[in-house]
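*Asks:* Here are the chains, one letter per residue:
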Amino acid sequence: MKILVTVKRVEDYESKITVRPDNTWIVTEGVKYRANPFDEIAVEEALRLRETFASSSASGGPSEVVAVSVGGGAAVAEIRSALAMGADRGILVKQEGFVDSDAVARVLKAIIEKEKPDLVLMGKQAVDVDDNVTGQLLAEYLGWGQATFASKKESLESPEEKARKPGLFLAADKKAMRVVREVDGGVEVLEVQLPAIVTVDLRLNVPRYAALPNIMKAKKKPLEELAPQALGVDPSPKVKVVRVDAPPARAAGIKVPDVATLVKKLHEEAKVV
Amino acid sequence: MATILLIAEQAQGQLKKATLHALTAAEQLAEKNGGQIQAVVIGEGALSAAKDLAAYVQLVHFVEAEGFARPLAETHSSAVAQAAKAVAATDVVIAASAYGKDIAPRIAAQLSAGIASDVLGIVSANQFKRAMWAGNAIATVEVVTPVKVVSVRATEFAPAQRRGTTGATQAFAATARVPRTKFIEFNQIKSARPELTEASVVVSGGRGTKGDFKPIEQLADLLGAAIGASRAVVDAGWQPNDLQVGQTGKVVAPKLYVAAGISGAIQHVAGMKGSKTIVAINKDPEAPIFQVADYGLVADLFQALPAISEEVKKLK
Chain A
1 MKILVTVKRV EDYESKITVR PDNTWIVTEG VKYRANPFDE IAVEEALRLR
51 ETFASSSASG GPSEVVAVSV GGGAAVAEIR SALAMGADRG ILVKQEGFVD
101 SDAVARVLKA IIEKEKPDLV LMGKQAVDVD DNVTGQLLAE YLGWGQATFA
151 SKKESLESPE EKARKPGLFL AADKKAMRVV REVDGGVEVL EVQLPAIVTV
201 DLRLNVPRYA ALPNIMKAKK KPLEELAPQA LGVDPSPKVK VVRVDAPPAR
251 AAGIKVPDVA TLVKKLHEEA KVV
Chain B
274 MATILLIAEQ AQGQLKKATL HALTAAEQLA EKNGGQIQAV VIGEGALSAA
324 KDLAAYVQLV HFVEAEGFAR PLAETHSSAV AQAAKAVAAT DVVIAASAYG
374 KDIAPRIAAQ LSAGIASDVL GIVSANQFKR AMWAGNAIAT VEVVTPVKVV
424 SVRATEFAPA QRRGTTGATQ AFAATARVPR TKFIEFNQIK SARPELTEAS
474 VVVSGGRGTK GDFKPIEQLA DLLGAAIGAS RAVVDAGWQP NDLQVGQTGK
524 VVAPKLYVAA GISGAIQHVA GMKGSKTIVA INKDPEAPIF QVADYGLVAD
574 LFQALPAISE EVKKLK
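Read top to bottom, the protein sequences are chains A and B. Going by my numbering, the first sequence opens with residue 1, and the numbers climb by one from there. Going by my numbering, the second sequence opens with residue 274, and the numbers climb by one from there.
Honestly, the hints are just simulated from the structure, not real lab data. Incorrect hints may appear among the rest.
[What the hints assert, rightly or not] DSS-like cross-link-like pairs, simulated, lysine-lysine; straight-line CA separation at most 30 Å:
no., chain 1, residue 1, chain 2, residue 2
1, B, Lys463, A, Lys162
2, A, Lys271, B, Lys556
3, A, Lys221, A, Lys114
4, A, Lys240, B, Lys402
[Said to hold, decoys possible] Partner residues aside, some chain A positions facing chain B, computed with beta carbon under 10 Å:
no., residue
5, Ala105
6, Asp130
7, Gln136
8, Glu154
9, Arg243
[To be verified] Covered stretches of chain A (chain B as the covering partner; in silico rule of three or more C-beta atoms under 8 Å from a C-beta of chain B):
no., region
10, 10-17
11, 179-192
12, 197-209
13, 260-271
From a predicted model like this one, the values you see are computed outputs, not experimental measurements. The beta carbon of each residue, even a glycine, is placed where N, CA and C say it ideally should be.
Turn these sequences into a full structure, and let the hints guide you.
*Replies:* Below you can see the structure in the form of structure tokens.
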């Protein structure tokens, strides 16, 4: 089974994010970058599926995991980190500056038509623009089925997770993936015919760390670079960012000495109990 | 003439409250673009929900045909796109619930529309405010396509008011597309407590509970509150996924939010900082949660929460 995973370069959520004085974007100087955490979960799941298939005849042969990023030249680092986790090869579609989610989806469509994967795994959202739309747009552009917000029934502290078992699994007929989804009010199970788009949520798995020897090996794995235009895609956006502001600050609160004072304040001052 | 198509969400014929919040966003958009609002509701029970919605919207289309019973993204997005084309919609508005997030981008793709997702405010006919970087920045985005899809964060818009007159309901004959997805099962989390995103009081527990939610539940029941949880709690399997408050979970804005044993990671704060009054209870005086709390109490939650319950009982 060929699995394509996406890896977006994003600001590290541990870095302090501040808005530029001219309100055009955030300050990027001094900010650390990393792979989108949701995408790392997608990479991990792809690797677990590959490992499962390697030890069974379930998928009809060995699997390949291809990591794709759409972004500036610096995103090579995030592709390399996916390769260090264990992905087989990488593709960077190089486009500097802001690329909207719709353009990313159209670029990915072109890549997928070329690569013909059986399964595409991607983070449900990237933690920079927090759009949560690319996977769904891509599924529609391809005319494929989708399972968004993939999770699993077992917790992240379960024996299944400790044994690195995949949360997704092939349906009985081997032509579909069975996916547990986090939705409002409960958990839904869908079967989505392959090829399919699956976007992953937080509780699908805990991604592995890349071991040092694998980081070295990753430097030698194939990484192809190309431009959106080479794929016949015009990357101009349908949605532009025209201004960025700091969020309204919350007024500083107070510390109360004891429970009696707290309840008194809530009753008399805030009038909420 | 602008036409705004509101997508209603329903389950078993019951209109979801988030729809009425999304309607307010649609009304604000109508003020900017001079448009008229129609609605569409899809799935098993659509007619019943459409009748309820007709108290708020002049014309409600419903799609209840067999191929649309379950809320599959492929079929429901297709029904909306067909309806949007039939009424020449210039804008499609939907609540950014799990359902809305699932289907809205597919609608946009079918309409060649740009999509502004999880919108906090309507700036103009084509500009919208939305949070980025876990709410550390608020962007104004412009959708440059003639047709626009907008999903809205329900907690940022008050519920719409009923109109004086009752609107019409009308069956819409959508062509069912054969989906590539099959519904297997839905395991509903049953709770007698109010829904997290709709509750006026939320009591949340974090890692400090060590998995013991009894004091949280006790106070929540006394206050008629919903229960929330930090990511750590949900990751550990101590509470269901559905209760996670945060950037990637539920965004809540109750009148009172009580955070007990929650350190206050930025991802959690992004999901609750819109609350009117925030109370933080934590043993660690340096916990970042105290920076967003109106009232902070440095204490062990296992002592403080039962004591709060006792004090509140005295008031009643």
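*Asks:* So, for every hint listed, does it hold in this structure?
*Replies:* To see whether the hints hold, each was checked on the structure:
1. B:Lys463 - A:Lys162: 29 Å, holds
2. A:Lys271 - B:Lys556: 25 Å, holds
3. A:Lys221 - A:Lys114: 20 Å, holds
4. A:Lys240 - B:Lys402: Status holds; Cα separation ~12 Å.
5. Ala105: Hint holds; A:Ala105 Cβ to chain B Cβ min 8 Å, cut 10 Å.
6. Asp130: Cβ of A:Asp130 sits 6 Å from chain B, so the hint holds.
7. Gln136: For A:Gln136, the interface hint holds, since the closest Cβ of chain B sits about 4 Å away, which is under 10 Å.
8. Glu154: 8 Å, holds
9. Arg243: Cβ of A:Arg243 sits 4 Å from chain B, so the hint holds.
10. 10-17: holds (count 3)
11. 179-192: holds (count 11)
12. 197-209: Result for this restraint: holds, n = 3.
13. 260-271: holds (count 7)
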